Every structure is written in structure tokens, then in C-alpha cells.
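Asks: What follows is the residue order along each chain.
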Amino acid sequence: MTVARSKPILTAGKYAALLAYLTFALFPLYWLLKIAITPDQLIFSEGTTLWPSSLTLDNFRTVLFQTDFLYYFGNSLYVSLGTAAATTLIAAGAGYAFSRFDFGGKKIIIAIMLITQMFPLLMIIAPIYKMVASLGLLNSLTSLIVVYTAFNIPFATFLMQSFFDGIPKDLEEAAMMDGCSRFQALRKVIFPLTLPGLGATLGFVFTAAWSELLFALMLISKNEAMTFPVGLLTFVSKFSVDWGQMMAAGVLALIPSCLFFIFIQRYLVQGLTSGAVKG
Amino acid sequence: MTDRTSKSILPGGTRARRSLYWQYLVEPYLYLSPAIFLIGIVMMIPLIIGISYSFQSIELLKPFDTGWVGLENYQKLWSDRKFWLALENTFWWTFWSISFQFLLGLGLAMLLTTQFYGKKLFQALVFLPWAVPTFLSALTWAWLFNPVIGPLPHWMASLGILSEPYNIMGDPNLAMWGPIVANIWFGVPFFAITLLAALQSIPNDMYEAAEIDGASAWQVFTKITLPFLAPMIAITVMLRTIWIANFADLIYVMTGGGPANSTQIVSSYIFTTAFRKLDFGYASAIAVALLFILLTYAVFLLWLRKKLVKT
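Each protein sequence line maps, in turn, to chains A and B. Per the UniProt record's numbering, the first sequence runs over residues 1 to 279. Per the UniProt record's numbering, the second sequence runs over residues 1 to 311.
Only chain A is shown next, with the shape it has when bound in the complex (with noise of 0.2 Å):
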């Protein structure tokens, strides 16, 4: 906007917003990297001053080497993982569907998937319990990437139809045209264009598993199954007083999911605005 350049005033202004909108995102996650390298001795005498006067990573050491921190971590990631892979291709079918066919009974699978994101999901968590102890799948990390897949098809599959929609159909009626079936233009035109609509589902669907954590609790109750929030959990009722290895663990667990999404940021906008030109 030009309004903005040409009055000193308005841009000091936004700048002070820009600014206050940084200190409100940062602010407590910077805390949490505070408390974690602030060694115990001082957490009491220097716990809310901004910074402490001497630094230490003995928390991290505690929690990686003395705790059953990389159990969690590891239980997690092969969730966080699997779920991410799973969702993603079976979400690349459906939306691929969604985008090129038109066929009879569309509407209502759309409509089922619209409903599937608004009824309260912990409505099905006692049938869900029931059904998994039937099927003797409690404490499997299997039962919960499976469960984190179906709620997260829906959305993923909308998020790839978007990334389809955005791609001209011409282009695979040409290779079909060349004698490709359909599939076969799909995998080998298709899919590389939509490869940054992949990776943003793929690291949407990561982040929503690795920080699930109801149903995790409700289906898991053995300390070797446990993923990393339900673990976490236990972790703060079992040493309520140590902040700075809960901190340090809390710094751990932020890691991957922002990795992914400093990466996949970009593409999802991109892929919300293409999904919202559309329509």
C-alpha cells in the first residue's frame, strides 16, 4: 500500500505492530528455551527475570540420557510418521477424484467428509476405546495411526483437491491422448507438479499427530507406548517441581513439528489461496 510510504506516521505505526505481533508469537517459546538452560539452582531466586546470570544444558542432558524421554520421542516420530504417510496418499486419491470426476454420489462424500470436521471428536472416543479393546489393540501404536488417519483424510483430502484444482486438466488429457492411461499420466505428469501440495500435507498431518494428545491418553496406558504428549504429561505429575527438565523436554518436542512447518508455511497459503480463487 502506498498510503504507508508516504506517511511517516502510519509506517512507525505498523512497524510497532509488526514488532508487538513478533514479541506476542515469540515471547513464550523464548521463555521456555529460558527456564530450560537456566540452571536449578538459580530457578527460584532468578526464575522470572529475563535473563538468568550463568547458563547450563545440564536439563537437556538429564532428559535425553536419565529419563524415558527418547522412548516418547521415538513412539511419536513412527506415529507422527506413519500417520503423515498414510493420510497423504490415501488424501492424494480422494482429492484427485474429487478434482477430475464428476460421478454420482460425489455430494454426499463430500458432505460426510464436511460433517466428519464438525461434530465434537470426542464424541466417538468411548466407542473408539471399546472397539480397539475388542480388537485387543490398546497400547498399539498401530490402533493410533490408524485412528489419526481417518480424522485427518478429510481435510487433507479438501488441501490436495485444492493443489489438483490448481493443475490444467489439459495437461494429463494430452498424455492420455499419447496413449497413457490414466493412472499412469497421473504418476508420471501429475505427481511432480503436486509434489509441494504433498509436502504440505504431509507436514499439516505431521504436526496435527505429533501434538494429538486426548485420544492418545484414553488409548494408551502402558510407558512404553506412550507418545511423546501423553508422556510429557505423566512426566509433570511425576516431578512437579523440576521446570527445568520439563522445559527442556517441552524445547525437544517443539523441534520437529516447527521444522516442518517453517518449511511447508509457504506452500499452504499457497494452496488456501488457489483453493479460494476457485471459489
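No false leads were mixed into what you were given.
In silico BS3-like pairs for lysine-lysine, Cα to Cα no more than 30 Å straight-line: (1) B/K223 x A/K14; (2) B/K306 x A/K107; (3) A/K106 x A/K169.
Just so you know, the hints here were simulated from the structure itself, not pulled from any lab data. The structure presented is a predicted model; accordingly, all values stated were derived computationally and were not measured.
Assemble chain B onto chain A, guided by the hints.
Replies: Relative to the frame of chain A, chain B by itself:
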């Protein structure tokens, strides 16, 4: 697909019908079937079972006391003061969360449409709270509100908001603001991202025309930006309201519904009833009630939108 039909030796009419049949019924479902299968098994069937649970007595702690009880769970619900309190809390929780998320998100999206130095980095950093796992946002904010290791109580005390630095989440009158602030922090990026996407789809020549006509910034905002965003805003706010009303993680981790149920919302009440008391029948009845309320809200909003668009 073309090769398949050309190779067949069937007469023309049948061939076309077969191809139509293939394209209309079989092929799309090949791509869709895994999604439909999973959603059916993991979401739709449990949904139906869940509704049927609400008419039964299913308490895992009393395994011999199960069976159909008709509307008993709903009668219990009607006279359950905790439920009505939770309903009221749900309203305030949702209202304040969505209002602040939306206004701050809109502001951020507008800022991000302007040009400034370091914008890409700014955007990545300012969206970061959204990537923070929910349980961790909850813990982080719970810690920030803790006077031992968090600065917030001290700041609020020196600003005169609090008489002394204590944890507001232990105060039944203020406790709800803990999770609400965490929720605002976590949700602003979502609104900013969706609104930014919508803002970028407004044709640029609209703004150019307005500039030529000498429109003020406020006029541009109210006459071009808002009307263009309105449909998007309506649908996002609706979906988000429902989502937030259902969103129990933050509250469960930060306050567990306490003190004295002052932060218990309906969905956290469902979770505690199912998870702590293992009373699946009653939990399902609460869930059905919540579903019904949210559905009414959605229908009302869609009706309102239709009416507004017409006039």
C-alpha cells in the same frame, strides 16, 4: 482409458455406455475407496455407536450394570448443574477466543499484504505458535502464569491488574482467561493464514481503481476488502467456532476444568466423564447434546448468511 475402449470389439453404443459406466461409477471410487473405508470404520460407525451409547448405561467400573436405559442419561443431564455451568463456560470460552483470534488474525493478515523488510522471515516466525503442539502450548502458558517461574503474574501485579502476583488459574473468577489467552496465541496464525490467502485473491485492479478515484485507506478497507472477505470470514468463523467449542486439550492440560469447575467446558466435561469416570453412557449423552447445540448454531448461521446474501 482411451486405449481400453478402442481395443474392445463391442458395438459403438455399448462401448460408450461402458466407458460412461467406468468413468461415472468405477474409476473415481478406485481413488476414493481407502478414504471412504477409513472414515466409515473409524468415524461414522463409532458416531452411530456413540449415539446408541447415550441411551445405555455403560460404566466400565460397573460391568454388571449395563443395558438400555432409554432417556435416563438425558434426564440426568437436564438436572446436572455441572453440565449447565459447563455450557455457560463453553459460551464465554468460545466467544472470547474467537473474537480475539479473528481480530488479531485480520490485523496480521492485513500487515502481511504490505511490503516491509524481512517479510518472509517475519511471516515464518509469527506463524510459529500454530506449529507448537497443543499440549506444549498449554504447558508453556500454564508455566507463564505460574508466579514461581513465569513473569506474567508479576507484570500484571505491577500494572495494577492483580493486587499481588498470584496464579490466576487458581482463582475461579479469572481462571478461564488462562486457557483463553493460550488459545488466542495458538489460533491467531490460523486466521492470519486463511485471511491472507483470501486477501491475496482480491484482484489488484480493484485497489488501483480505488487509488485513482482517491479513496481513503478506511474507504478501501470497508468498501473493497471487507465485502470481498465476507463470505470467507463467515465460513471460517463458523467452522472455527465449532472447532473451538470442541477443543478441550488446552483446558484439560492447563486447569483440568478446575478450580471448582470454573473452567470446565462441555467437551472437557465429556473427556473427564469418559476418561476419569469411565462412564461411557453419560459421556455420550453429553456429547450428543453438544452435537445438537452446535448443529443448531451452524444451521442458524447458514440461514443468516443466505438471508444476508439475498438482500
